[in-house]
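Peer 1: Chain by chain, the residues run as shown.
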Amino acid sequence: MSAKLACLDLTKRYGGLVALDHIDLELASGRIVGLLGPNGSGKTTLLKLANGLLVPNGGEILIDGLKPGIETKKFVSYLPDAHYLPNWMDVKTLLAFFADFYEDFDMARAKDMLDRLAISEKATLKTLSRGTKEKVQLILAMSRRASVYLLDEPIGGVDPASRDYILETILRNYSEDALVVISTHLIADVERMLDEAVIINNGKLIAHRTVDDIRMKEGKSVDEYFREVFRCWAN
Amino acid sequence: MSWELNSTQPIYLQVAEKIGQRIISGEYPPGGKLPPVRELAEEAGVNPNTMQRAMTELENEGLVYAQRTSGRFVTDDTAKIGAVSEKMARHLASRFLADMRSLGFGPDRIAQVLADAVRDEKVTRTEALPQDRRNASDTPPEGAGPMQQEEQRRKNI
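Protein chains in written order, with my numbering: chain A, 1 to 235; chain B, 1 to 157.
Think of the hints as simulated: they come from the structure by calculation, not from any bench. Fair warning: this is a prediction, and the values are worked out from it, not measured in the lab. For each residue, glycine too, the CB sits at the ideal point set by N, CA and C. One or more of the hints may lead you astray.
Claimed, not checked - Pairwise CB distance ranges (calculated):
{"id": "1", "chain 1": "A", "residue 1": "202", "chain 2": "B", "residue 2": "52", "range": "33 to 41 Å"}
{"id": "2", "chain 1": "B", "residue 1": "93", "chain 2": "A", "residue 2": "71", "range": "35 to 43 Å"}
{"id": "3", "chain 1": "A", "residue 1": "176", "chain 2": "B", "residue 2": "62", "range": "25 to 33 Å"}
Bound conformation, chain A alone (with noise of 0.2 Å):
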């Protein structure tokens, strides 16, 4: 098994709605990829299923080879969609925890994003803003020099200004071999940074391609080509 992330003929039902049809996708180390979509599309059903939150009802989901569990969970760095740190921990009680629960957390590289964001670690997480939280949760993700990254709207919460700054957290803290894939709707915030675009919609996968493939091939950015796409699929 080459690929870093597979998914199998994945398909996922919450009852009787079909959230992934019969997935096939491949991603390989090293690279950036954007996992894109309209709300509802399947992108954070997709990224819980990769972390063993949820279970498919037919295919499957292998990373490095493996299903979802206690093994992939060294090695895979999540950043969820939701507030999920619990608001009386203050951010110096939260570093302890993540350097207890994953080997490969990075205190030093951790201390100096916040440093930098000028948190302080005394600050308990329900003193801080939305924005400011969200940042605290991409810092510890970002912490692990994890090979798998799987971010779930790292920017979909923060001002233009927070959104630069997180992205290039990104870029300066992922490890080179590494698999990092960022679901989101703000394509033209991250699109420069991608090396591949997977577009999926009403649980379908829709295409996946190199970012510079979609702009050489079509003359626009991915941002327009997936304004166009989901024009289409409107009629």
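Chain A is already provided as a structure; the job is to place chain B on it using the hints.
Peer 2: Okay, now just chain B, sitting in the frame of chain A:
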């Protein structure tokens, strides 16, 4: 923070062009060492693979070369840099011509506009210089030269 990029061309080509400009302008001097790919990628706000591909493009063009252990360098072949700058200048010129033609301008009109623009730029630049250096420059004294007269004439139109 990151570089200005347009939305139609492949990103790696645009990035290669920007670095090419820095080489031509001498910001990265002939024979000089280039910053590491990762650093440039961060500065540009692009993926390191994209920057790598841009470097390969520049290598193919002969503007830079890689040395296995010590990194990447600008070529010390100044004739080569000159040739590329010539090529880039012609490329920019044809882009300008295409834009002007889309306004319905013919060759003579375009040449006139360009000559005017060059002259205006010279005047502005000269005015920006301190008094003593301005006198030493090749601009005729205030109000006397044909340039200023022409300027005045155009203002009156």
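Peer 1: Does each hint fit the structure? Answer for all of them.
Peer 2: Status of the hints after comparison with the structure:
no. : hint                     : result
1   : A:202 / B:52: 33 to 41 Å : holds, 35 Å
2   : B:93 / A:71: 35 to 43 Å  : violated, 60 Å
3   : A:176 / B:62: 25 to 33 Å : holds, 27 Å
Comparing the model with each numbered hint stated earlier shows that hint 2 is the single one that does not hold.
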